[in-house]
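Visitor: Sequence:
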Amino acid sequence: MTTATLAVGGSARRVLDAVWPPALFGVAFLVIWEGAVKVFDLKPYFLPPPSSIWAEFTGNLTLIRDAAWVSGANAFVGLLVGTVLGVAVSFLLMRFRLLNDMVTPLAIALNAVPIIVLVAVFNNMFSSTSEIPRRLMVTLVVYFIVLVNVAKGLRQVSPIHLELLRSYAATPVEVIRKARIPNAVPYLFTALKIAAPAAVITAFVAEYFGGPQNGLGSRIVSNIAASRNAVAWAYVVGACLLGLTFYLVSIAMENITTSRHHTSRGDDSRGSGPGGGTT
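Residue numbers for the sequence shown, in my numbering: 1 to 279.
A hint or two may mislead.
Each pair of labels, with its calculated beta carbon distance range [said to hold, decoys possible]:
1) S158 / F40: 36 to 42 Å
2) R95 / N255: 27 to 33 Å
3) V117 / P44: 21 to 27 Å
4) K152 / I251: 47 to 53 Å
Straight-line C-alpha distance at most 27 Å; calculated DSS-like pairs for lysine-lysine [as the list claims (entries may be wrong)]:
5) K152 / K193
6) K152 / K178
7) K193 / K178
Don't read these hints as lab results, they were simulated from the structure.
Using N, Cα and C, we set each Cβ at its ideal position, and we do this for glycine too.
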């Protein structure tokens with residue numbers, strides 16, 4: 001049996017070990033939910049059973065897909081812009097201490113402002129048919145998460161590592177490239193695993209407070225107002241699947257980046273071993 005086969009088998013086992021416990025819990029939870037609704041004779045407007053929610057989900061799949069596309073697009077744009085801004089500002093804060101002292105308190109204060117207040121302000125700034133307010137809201141939420149984590153990763157580099165680079169007369173750019181950026185990458189992916197589902201949540205919560213009525217959040221609100229709770233829950237299922245997709249993509253990106261990093265390090269170590277280097 002080859003090393004590659006063993007690696008694939010080990011990866012499959014790790015995936016299975018990670019998937020089956022939550023899957024088993026989810027199935028058990030749904031069975032208990034369905035049974036509780038029937039045993040206690042709960043009315044559909046109070047708590048619809050999973051079977052009714054699934055029927056509405058499959059019956060309205062096209063509408064849910066279209067709404068998820070709208071909310072997903074807003075979440076993706078906000079996630080992308082917020083991540084880029086967060087990373088860029090993190091480098092500026094690392095480079096300029098005065099800027100760090102000025103920007104960090106403002107970012108914390110802005111993050112403490114309730115979503116409903118900011119969405120109302122953004123809705124007044126733009127057209128009632130514009131998706132920009134929702135994307136701005138997602139951008140702000142993601143920006144703060146990425147900023148805090150990446151800035152921490154850029155700063156918390158081992159002093160021994162920094163001294164070693166300086167002993168080799170490394171330039172500030174080389175220190176950033178060889179020490180600070182590699183140290184910040186795990187912090188970035190930690191931020192993305194938090195920010196990705198948060199972007200989806202923010203996108204459809206922002207839809208509660210005005211703007212186009214074509215996303216998951218607005219469809220949930222309108223169906224609850226019309227006492228179509230099973231349909232509303234079907235849209236909630238769509239929102240959960242969308243958030244899970246964003247989260248899994250962030251994990252996949254982390255795994256790909258990590259595997260490439262380990263591969264490149266392995267190639268470098270083999271090249272610098274006995275007989276691999278030049279004299």
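Visitor: Each hint should be assessed against the structure and marked as holding or not.
Guide: Hints, one by one, checked against the model:
1. Evaluation of the 36 to 42 Å hint for S158 and F40 yields a failure: the beta carbon distance comes to about 58 Å.
2. For R95 and N255, the hinted distance range of 27 to 33 Å is satisfied, since their beta carbons lie about 31 Å from each other.
3. Take V117 and P44: their Cβ atoms lie about 35 Å apart, and the range 21 to 27 Å is violated.
4. Separated by about 20 Å at the C-beta atoms, K152 and I251 break the suggested range of 47 to 53 Å.
5. Of the supplied pair hints, the one linking K152 and K193 holds, its CA atoms being roughly 16 Å apart against a limit of 27 Å.
6. For the proposed pair K152 and K178, the alpha carbon gap of about 16 Å is at most 27 Å, so the pair holds.
7. For the given pair, K193 sits about 24 Å from K178 by alpha-carbon distance, which is consistent with the 27 Å threshold.
In summary, the numbered hints that this structure violates are 1, 3, 4.
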